[in-house]
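Enquirer: Work out the full structure, taking the sequences as your base and the hints as a guide.
So the chains spell out like this:
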Amino acid sequence: MIRIVTTPIDIGEVLNSIRDAAAGGTALFVGTTRNHAEGKEVVALEYEAYIPMAQKVLEDIAVAAGAKWKTTRISIVHRIGRLMVGEASVAVAVSSAHRREAFEACRYCIDTLKRDAPIWKKEHFAGGSAWSGGNDPPADRPQRLGMQ
Amino acid sequence: MITVSVELYAVARELAGTSRMKVAIPDGGTTSDLLETMSRECPALGPWAKHLRIAVNREYVEAPRALNERDEIALIPPVSGG
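Heads up: the sequence lines are chains A and B, in that order. Position 71, counted from 1, in the first sequence is what the numbering used here calls 71; the numbers after and before it change by one each time, with no gaps. Count along the second sequence starting at 1, add 148, and that's the number in the numbering used here.
Since the hints were made in silico from the structure, they are not lab data. Fair warning: there could be bad hints in the mix.
Said to hold, decoys possible - One side only, chain A facing chain B, incomplete, derived with CB under 10 angstroms:
id, residue
1, 43
2, 48
3, 72
4, 133
5, 135
Stated by the list, open to error - Derived lysine to any residue pairs resembling SDA-like cross-links, with alpha carbons at most 20 angstroms apart:
id, chain 1, residue 1, chain 2, residue 2
6, A, 56, B, 208
7, A, 114, A, 21
8, B, 198, A, 131
9, A, 56, B, 205
10, A, 114, B, 210
11, A, 122, B, 210
12, B, 198, A, 132
13, A, 114, A, 20
14, A, 122, B, 167
15, A, 40, A, 134
16, A, 122, A, 103
17, A, 40, A, 82
18, B, 198, A, 40
19, B, 170, B, 204
20, B, 198, B, 162
21, A, 114, B, 199
22, A, 40, A, 115
As the list claims (entries may be wrong) - Non-contacting residues of chain A with respect to chain B, defined by C-beta distances greater than 12 angstroms in every case (computed):
id, residue
23, 68
24, 78
25, 85
26, 97
Here a beta-carbon is modelled for each residue, glycine too, at the ideal position from N, C-alpha and C.
Expert: What follows is the structure in structure tokens.
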């Protein structure tokens, strides 16, 4: 199941979608919206997607993961729209005969999604909002001291 | 000249003030020509130009590629999904 949704992600449904008698294990990653970013308190987040391409990219990621590891099933669901802190923005579930493949494929899917999917997050703070990574182009950003 | 239709997302959309732009480029114009033209017509996009990826027909295009009027084109600012 590969979906872009606008309503709360049903984790039970995601887990059900990768059930298989041949699977001995399931790895599930759920990304949730945290209450801080760039040292500021986040009150809400908005996700936007170039939906048809995001759908295609997520499908391609699942196919690539299935080719790299011996997995049974893979589901990826990403939510877009406005989310409150603590809500799930993404779920990746992978089932496989053995746990090693499930863990590795699951990690690959979320890492690759974060790198390649045409999806954007906007963080709403008490005093304003900013696209994740900033409202200014990367080179123009003021230098930051210390860890991100 | 040909006219291509470009979808803008996220910060690109906010800076351009629109989610869709029609842009005229020369026949055989490429994705590079498109970015140059869009930066001229919409100076707010200029500082972002080298950080914008272009997707043509739902695939990222890394090297300059000739465009035609029926291509589905999108400007992709740095992504932050997941």
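Enquirer: Each hint: holds or not?
Expert: For each hint, the structure was consulted:
1. 43: violated (17 angstroms)
2. 48: holds (6 angstroms)
3. 72: Since the shortest Cβ distance to chain B is 23 angstroms, the answer is violated.
4. 133: Holds. Min distance 5 angstroms.
5. 135: Since the shortest Cβ distance to chain B is 6 angstroms, the answer is holds.
6. A:56 - B:208: Answer holds: residue 56 of chain A to residue 208 of chain B is near 12 angstroms, not above 20 angstroms.
7. A:114 - A:21: Distance ~30 angstroms between residue 114 of chain A and residue 21 of chain A Cα, so the pair is violated.
8. B:198 - A:131: holds (17 angstroms)
9. A:56 - B:205: holds (11 angstroms)
10. A:114 - B:210: holds (18 angstroms)
11. A:122 - B:210: Roughly 25 angstroms between the alpha carbons, so the hint for residue 122 of chain A and residue 210 of chain B is violated.
12. B:198 - A:132: Cα-Cα ~18 angstroms, so holds.
13. A:114 - A:20: violated (27 angstroms)
14. A:122 - B:167: holds (16 angstroms)
15. A:40 - A:134: holds (13 angstroms)
16. A:122 - A:103: Since the Cα atoms of residue 122 of chain A and residue 103 of chain A sit roughly 29 angstroms apart, the hinted pair is violated (cutoff 20 angstroms).
17. A:40 - A:82: holds (18 angstroms)
18. B:198 - A:40: violated (28 angstroms)
19. B:170 - B:204: holds (15 angstroms)
20. B:198 - B:162: holds (17 angstroms)
21. A:114 - B:199: Roughly 16 angstroms between the alpha carbons, so the hint for residue 114 of chain A and residue 199 of chain B holds.
22. A:40 - A:115: violated (24 angstroms)
23. 68: Non-interface label on residue 68 of chain A holds, nearest chain B Cβ at 19 angstroms vs cutoff 12 angstroms.
24. 78: Residue 78 of chain A not clear of chain B: closest Cβ-Cβ about 6 angstroms, inside 12 angstroms.
25. 85: For residue 85 of chain A, whose nearest Cβ neighbour in chain B is about 16 angstroms away, the distance exceeds 12 angstroms, so it holds.
26. 97: Holds, since 27 angstroms exceeds 12 angstroms.
When each numbered hint is compared with the structure, violations occur for hints 1, 3, 7, 11, 13, 16, 18, 22 and 24.
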